[in-house]
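Peer 1: Here is what each chain is made of, one letter per residue.
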Amino acid sequence: MGGSNVDSNSWLSKGRLLLLAASVRFLLIVYGEWQDAHLEVRYTDIDYHVFSDAASLLARGRSPFDRDTYRYSPLLALILVPNTLLHRAWGKIIFSLADILAGHLIHEVLHLQGIHGKTRNLCTALWLFNPFTFTIATRGNCEAIVCCMILRIIYCFLKGNIVEAAIWYGVVVHFRIYPIIYVVAFLIALGNRSSIFATKSRQSSHVEETDHLRKWQLTSIRFFMDLLYLNKERIIFGVVSGTVFFFLTGISYSLYKDKFLYEALLYHLTRTDPRHNFSIYFYYIYLHHGYSFTLVERLISFIPQFLVQSVLTAYYAKDIPFCLFIQTVAFVAFNKVITAQYFVWFFVLMPLILPWTRLAPLKGFMCFLLWSAAQLHWLLWAYKLEFQGYNVFFQLWIASLAFFLVNIFVLSVIIWHHSSPYITSKVPLPLGETKNTKIH
Amino acid sequence: MDSRDERPEEMKCSMCVRHSLPKTAVYNEGDLQFLMSGNSTFLSLCSCSNLTRSIPAFAQHRLPDGTLLNLCYEPVDSFCESFTSLESSNYLGPEFLKLERTLIGSGAHRALETSITVKHERCKECHVMIIERLPSGVFADLFELEGLVARAVYDDVAIYGDHNLELPALNSYESVVVLYTRFNFNSENLLHTQVSLPLHARYPPLNLEGYAVVDLSFPYILVQCIRTENSLDSFSETLGSSKKDMAWALLTTKSRIIPASELQWLVPAGNFKYTNVVATITASVSLIAVVVLWVISTNSFHSHKSKKI
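Quick note, the sequences are listed as chains C and G, same order.
Using the UniProt record's numbering, the first residue of the first sequence is number 1, and each one after it goes up by one.
Using the UniProt record's numbering, the first residue of the second sequence is number 1, and each one after it goes up by one.
The set of hints was computed from the structure by calculation and includes no laboratory data.
Hints may be right or wrong, so weigh each one.
Said to hold, decoys possible - From the structure, some residues in chain C lie toward chain G, with a derived Cβ separation under 7 Å:
| id | residue |
| --- | --- |
| 1 | Asp45 |
| 2 | Leu261 |
| 3 | Pro304 |
| 4 | Trp371 |
| 5 | Phe387 |
| 6 | Asn391 |
| 7 | Ile398 |
| 8 | Leu401 |
| 9 | Val406 |
| 10 | Trp416 |
All of these numbers come straight from a predicted model, not from anything done at the bench.
Every residue gets a Cβ at the ideal spot worked out from N, C-alpha and C, and that includes glycine.
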């Protein structure tokens with residue numbers, strides 16, 4: 001880690017990476033337009049047409065929720081109004097630019113974490129040239145916008161700009177809901193700076209530090225006391241983000257009433273799709289779809305998710321980039337519905353944790369191959385079911401269990417090999433060096 | 001055609017290829033007849049026989065030429081007097097030659113293809129309207145059909161009823177698809193067209209057999225021909241309308257009974273005998289995973305604290 005400053009003359013410089021990434025995306029957008037016009041199989045994602053139709057309705061003064069299956073914030077439809085006024089590829093250009101912006105933000109966050117040189121550029125390239133990433137953006141998927149907001153929040157946290165972080169957090173939760181899982185982590189990270197994490201690791205010897213940490217681990221009551229303590233940063237973050245969220249949601253509700261409430265918010269909170277997807281719960285939900293779930297049955301999917309989020313947050317909240325990454329991986333794995341686009345949520349955070357891993361590159365690659373193989377195995381059974389018409393529900397469910405277990409295994413490996421800079425490193429903690437906070 | 005009662009052996013095999021059910025229905029001259037509409041601007045496809053209550057229209061569709069179509073979902077076993085058979089020697093309407101109905105593809109996404117050939121003299125322009133009544137087990141994607149219209153594959157498309165893409169069959173209802181397009185001219189008097197309707201299967205209710213059968217019924221097929229200006233218009237004269245009227249002809253069986261099950265689509269269905277096993281294992285695996293992550297996180301946290309950098 002560390003090393004020389006960014007070498008702008010290197011072939012791997014940030015400027016060249018961003019330019020090359022933008023070129024790839026531009027070419028794919030052009031190709032996508034050609035494929036849509038000439039081939040039966042469309043390049044463009046079906047969701048993009050949903051967004052565009054909703055934007056078209058909005059441009060005509062109607063509700064975007066008149067479009068079937070539009071389940072996003074009206075903000076997205078507003079952003080895509082030029083699809084109707086200028087060109088239908090406007091949205092893809094915006095999403096691809098957001099993709100590039102995410103690469104830039106990754107580069108900046110790594111700088112704040114003290115990562116420079118080739119490592120920093122390589123990690124940025126991992127996002128910019130991930131085939132999954134640039135494919136979904138150029139196909140018209142809007143996740144890149146969410147990724148940019150999450151990265152900006154992390155950036156603001158590391159700079160100590162709590163107000164801006166809170167504003168973006170309010171916006172992103174309104175936009176996509178799932179980032180609500182990060183709220184406890186953010187509040188812990190904004191905890192009392194006189195806590196042992198921020199101070200003892202700077203001032204104490206290594207032996208004292210270990211001793212204090214062990215005692216802290218044994219005292220869970222102290223953990224909850226720290227969590228409930230309302231310092232200035234927590235109050236600011238909560239009030240600002242809550243205000244922004246309720247402001248945007250309130251405006252949307254006043255314009256589009258219950259249909260907005262259900263389609264953009266409640267649907268995501270209560271979604272139980274019986275159709276096959278990567279989740280281990282899909283077959284369970286299908287087998288129960290003929291009757292309503294009892295409270296116990298609903299808790300089967302809620303309790304594991306709640307517990308795993310609590311555990312990961314409790315241990316790693318002080319290391320915000322890593323905590324968000326493992327929380328997201330776990331959230332996706334334990335979710336009742338999993339589609340491939342959810343993977344982007346943690347792909348964008350992976351470059352931020354890689355410089356801190358002790359996992360050997362070969363082992364890391366093996367983990368990636370194992371994860372990909374489990375996914376491919378599931379896809380093969382899904383193909384037999386959906387496109388060949390064989391009854392392989394049970395086999396597909398076993399494949400989803402296998403994919404889930406691989407996710408847990410890979411997540412465990414990543415956790416085990418992570419070296420948190422906020423617990424073990426002697427590198428100065430960026431959280432303590434901001435204009436808005438004091439070092440206690 | 002195989003009847004449903006002849007399939008139990010194959011349906012016990014969960015990995016067998018589902019190709020035994022009839023996927024093609026062929027009708028030749030003599031199997032079907034045309035009935036003429038007495039009104040060229042209004043068509044009603046609702047039952048009004050003395051034996052059944054008149055079922056009110058649940059949707060109305062206006063065609064590009066202005067014709068108003070009354071749609072009733074309920075299967076029609078007889079027609080209102082709005083359609084009459086014409087056995088007059090002066091009949092110069094379309095003459096039915098061949099109809100072929102095929103369910104193409106496999107799996108949950110297929111196409112229902114209708115190929116129709118008629119004969120009509122001195123026809124300037126002919127349209128065909130196919131009205132498919134879809135059960136709750138399948139649906140047509142409105143967006144997909146509108147794309148076909150945008151690419152000029154069809155002149156008009158509409159879906160009435162339940163066209164929800166996501167709900168399983170148990171929580172869904174029937175729908176009606178109206179497709180309006182033109183005939184191609186094969187030779188001077190022969191008209192042929194091939195209409196392909198993309199369909200998608202919904203998740204069926206659970207059963208023990210492993211597959212659910214979705215019955216696709218015989219559609220309403222209506223043909224409309226605009227005759228050349230110099231032709232004898234005895235066809236229109238028969239109906240008492242002017243030379244410019246474009247009467248619709250409804251294709252139906254000789255008995256006027258619309259088959260409720262013409263083609264059948266086997267859709268994989270979940271087996272409710274696995275309910276408890278799946279629930280138990282799913283819950284157990286997820287809880288074990290939580291414990292594993294808890295242990296890993298705890299040990300990792302302790303382990304890293306004891307290491308020097």
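Peer 1: For every hint, state whether the structure bears it out.
Peer 2: Verification of the supplied hints:
no., hint, result
1, Asp45, "violated, 12 Å"
2, Leu261, "violated, 19 Å"
3, Pro304, "holds, 4 Å"
4, Trp371, "violated, 15 Å"
5, Phe387, "holds, 4 Å"
6, Asn391, "holds, 4 Å"
7, Ile398, "violated, 9 Å"
8, Leu401, "holds, 6 Å"
9, Val406, "violated, 11 Å"
10, Trp416, "holds, 5 Å"
Taken one by one, the earlier hints fail for this structure at numbers 1, 2, 4, 7, 9, listed in ascending order.
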